[in-house]
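Residue numbers (my numbering), protein chains in the order written: chain A, 1 to 284; chain B, 1 to 174; chain C, 1 to 580.
Since the hints were made in silico from the structure, they are not lab data.
Since the structure is predicted, the reported quantities are computational estimates derived from the model, not experimental observations.
What you were told as hints is all true, and nothing was included just to trick you.
For lysine to any residue, the following SDA-like pairs were computed, each having C-alpha atoms within a straight-line distance of at most 20 Å: (1) A:K281 to C:L159; (2) B:K125 to B:G9; (3) A:K220 to B:P82; (4) A:K266 to C:G267; (5) A:K17 to B:R49; (6) C:K502 to C:A577; (7) B:K80 to B:Q120; (8) A:K220 to B:W77; (9) A:K259 to A:H197; (10) B:K80 to B:G9; (11) C:K195 to C:P61; (12) B:K63 to A:T12; (13) B:K125 to B:Q136; (14) A:K21 to C:T440; (15) A:K21 to B:D174.
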Amino acid sequence: MNIQAPIKTELTFADYKSDLKPVWCPGCGDYSVLSAITKALATLQLPRENTALISGIGCSSRIPAYTSVYGFHTIHGRALPVATGLKTARPDLTVLVAGGDGDGFSIGGNHFLHACRRNVDLTYIVMDNSVYGMTKGQASPTTESDWTGSKLTPEGPGVAEFQPLEIALSAGANFIARGFSGKPNELVKLICEGINHPGFSLIHVLSPCITFRPEQREYKSMVHDGFGGFGFDDGTPDRREAFRRLMEDDGYSCGVLFKGNTPAFKAATATPATLADMERKFAL
Amino acid sequence: MTGFKDMTGVPEFLAHAITLEQEAAVRFDELADMLEVHNNHKGVVELFRKMAHFSRLHLAEAKDMAEGIAVPKLAPWEFKWPGEESPESGAIEDAHYLMTPHHALSLALASETRGFDFYQSLADKAADADVRRMAQEFADEEADHVATLKEWLGRYPTPDAAWAEDMDPPVSVD
Amino acid sequence: MALNSVSIALTGSGGAGVMTSGQVLVDAAAKAGWYGLMARSLGPQIRGGESAALLRLSPSPVQSMDDCYDLMLAVDWGNIERFASEIPLTSKSIIITDPEQGDVPAIMLAKNPIIVPIPLKEIAASVPQGRVNMVALGIVAALAGVPEEFCIEVLAAALKKKGPEALETSIAAMRAGAAHADKVQGVPKLDAAVKTDKERWSITGNEATGLGVLRGGVRYVAAYPITPATEVLEYMAPQLPKLGGCLVQAEDELASINMVIGGSFGGVPAMTSTSGPGLALMTEAIGLAVASETPLVVVNVQRGGPSTGIPTKSEQSDLNIAVYGLHGDAPHIVTAPTSIADCLFTAQWTVYLAEAMQAPAILLSDQAMGQARAIIDRPADVAFIGQRLTPAMTNGAIDEGYLRYKVTADGVSPMAIPGMKGGEYTADGLEHSPRGTPSTQAQHHQEQLDKRERKITGFDYGNHWAEIEGEGEIAVVTWGSVTEQVREGIARVAEAGGPKVKLISLRLIAPALPEKMAAALAGVSKVLVVEQCHGKQFTKYLKASYGLPPVVQTLNRPGPLAIRPYEVVAALDALAAASA
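Based on the provided sequences and hints, a complete structural model is requested.
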């Protein structure tokens, strides 16, 4: 019998999908984001066993089980700290984080700020549909203040919208981009860039909720390339310029906004020692 | 967003054909899966499975043609699709949990028509003669599918305007 | 009194430096061959404020507080009313006071102690740059019989960075103080130190806990500071990189516990340390660790509660939240060290348990032992190293058909670690099928609940679940840092010819092990429960979980007042007299 070296075959995007059928409503934007993530993993040919996708709670947070990489569907709002723990304990892994606007910006808001400033090498994909879908359509932090579609806030939430990109930029995220689920191949590019860029990358994805926000079907006519009139690829390393572009952003600009140069977080290292060495400190 | 983009030659054309069919197959399976989970009309699921199956047959054909040809490896955003996605990937946003066979056929017809348009414009306008010849073969097959789907669609008239009405409220899940 | 020892309280406020004096004294006594314990009583102030170094020195190993103090030296009387009750005195107690600081406050005179005025400040002023706390050290060391050479040795090490001049000044002040020691009579003399070759350590409970979890294999720590647990984390921070691990400071306790879950999911044994308020924030995530079967250790150094409570003072009132705080049916492990020295063993063992059972473990230490320093014999090495069951690999990949949450006989399922090919799965806090797929099916819920319970209750904890000593019809059941005072109380009863008393100090709080407890309580007709808790949480837990003899009495008190050995003796006397 001939013993052959294993043939290294290319993985296709379908290889990064699991056989589980999503619970998402037919027509949901999150299907396209799933497709984009799997295409990005295939484009980069990341070994499935060395890749992890961590999520919180919500419609979009169901995504890890629909992929064939290591996943963790954690608790509401805590995807970022779990991912931070995984990446800092296992820097050899590629760690992606996914979730929705409520999970990331409301209950997980503090972690979002600190993930941006800690700058651990993570890629955070937020599927933003400005609504809590899993609990039947309440206002989220990114919901318009006058949206009256929820029984919980019949007069509208009456609160200014959370600005994910402005906050990420202020807090120190090293890569900031916005994509649209209806442009999945552009989204693949953004995700690939985010993964390749060192430090914390935010990919803000407009992903329509066709059940509770059917008007979001119009996103496809509202999105446009580039921040502040710049082309799709024009991420700037200059924070001042990035802020300027954000001030002109109508919320539907797509592409890379900011590519910073801050080195990714690295845990302290030290000259190796043994436990016996450490115990000597206590000896009289 | 639907401008014609020529191919550099047969290898690039085949890269597109293979990806188009593969993505179409996966997408139709996704559509079938999502409607299976959401208890839609059985016929819709079956139709999408059938479409996925046809796409896989085409994929096999395209791969056969690519035998011995160094097909370039393109990143998803490097493809020269006329639109945002490969043309035969059924539009996810057109899916609906109450969609009827009529809607499913319309969705499938739209994707096959986009596929036909893609191949036909290459057959008409490509600079490379081999590309034109191959594209015409694919376009002819797509034309058959388009005709078949149109015929099937004739059997499923447009449902009444209330097709998407649901007396029950949505469910709270998490 | 059974144990030859001397108890000393050094008090002062506003940067008087009594903690340093106490530390030097206990370390010098240790170098002289004695054993000792130094606890601290602190006020809420960051700098200054009232503080007391509470020492007990003995030729025998000692980790418990005595009934009262033989000697109290007050550098000043600032805020004494806030902690006078923590320094019990008798008519034989001696108070050294500086007349310049005014009269001894009435609150200290209740027991009519012996007052010896010594002009501490004046003596310090007689030495250029002389400090009062060094004068105090000189007096107290001389009275306790700690040879000067050892004090100088310890001071030299402590003042190394400040240079030889600082050392000379301190020695001069110390000697100036020692010259006044003969004004004081009646301080108990310590027996000569017994010479041994045994290695001895000077270590705090929090350091011992940190070392224990490192020994157990923890290599990832996420940290958020909180009194009185911070020292565990501070001890580990510089050690972890030397062992190839790391510590990351989190933005809050919600983050720290979830980071620990992430690190452990990555295959690295992980822990965090906190106190009551932090544990309360962590409970949701600990439930995630239960459901996703992610091993981790949370060290909870208890303080006075509820809410922010009394952060600097000890209490044993987090038992309920540790045992019952998780929502849903969430079997997990709760352990508790029985002494400062035992922090080392219990911490190491707890890591082992968590890893073996793929479950979260909460270790309940407390401020009294966490922040106290003891001179102990070097604890024996133990073999408990965390070992997680992982799936079998063939040709570099996990065999096909791998199921992360497979239902197994002992409830433990092999856990694939990222990097293992073929093991890719999604861990989930949603109820799930054996594969990990979210499920709402009754059968999946039942079998996963069963397996998660089975692995905890069916585990072989050996005889480490409790420290059991002696035999008798009366048993004291206790836990945590009060164990040492209970042990001393039982010894005194025995010495006085009282009834035989058995000690059962639980190291494993949860799960309850009814069979083992039944065996331990065989022949016992009366039980005294001792706990530092106003609401008798431990007593109620014991009654709910175990079959106890008909007569059960409780000696309990909230923090910060320690339960003293004489109170244990009195409670045992009362129990012995109680009719069955």
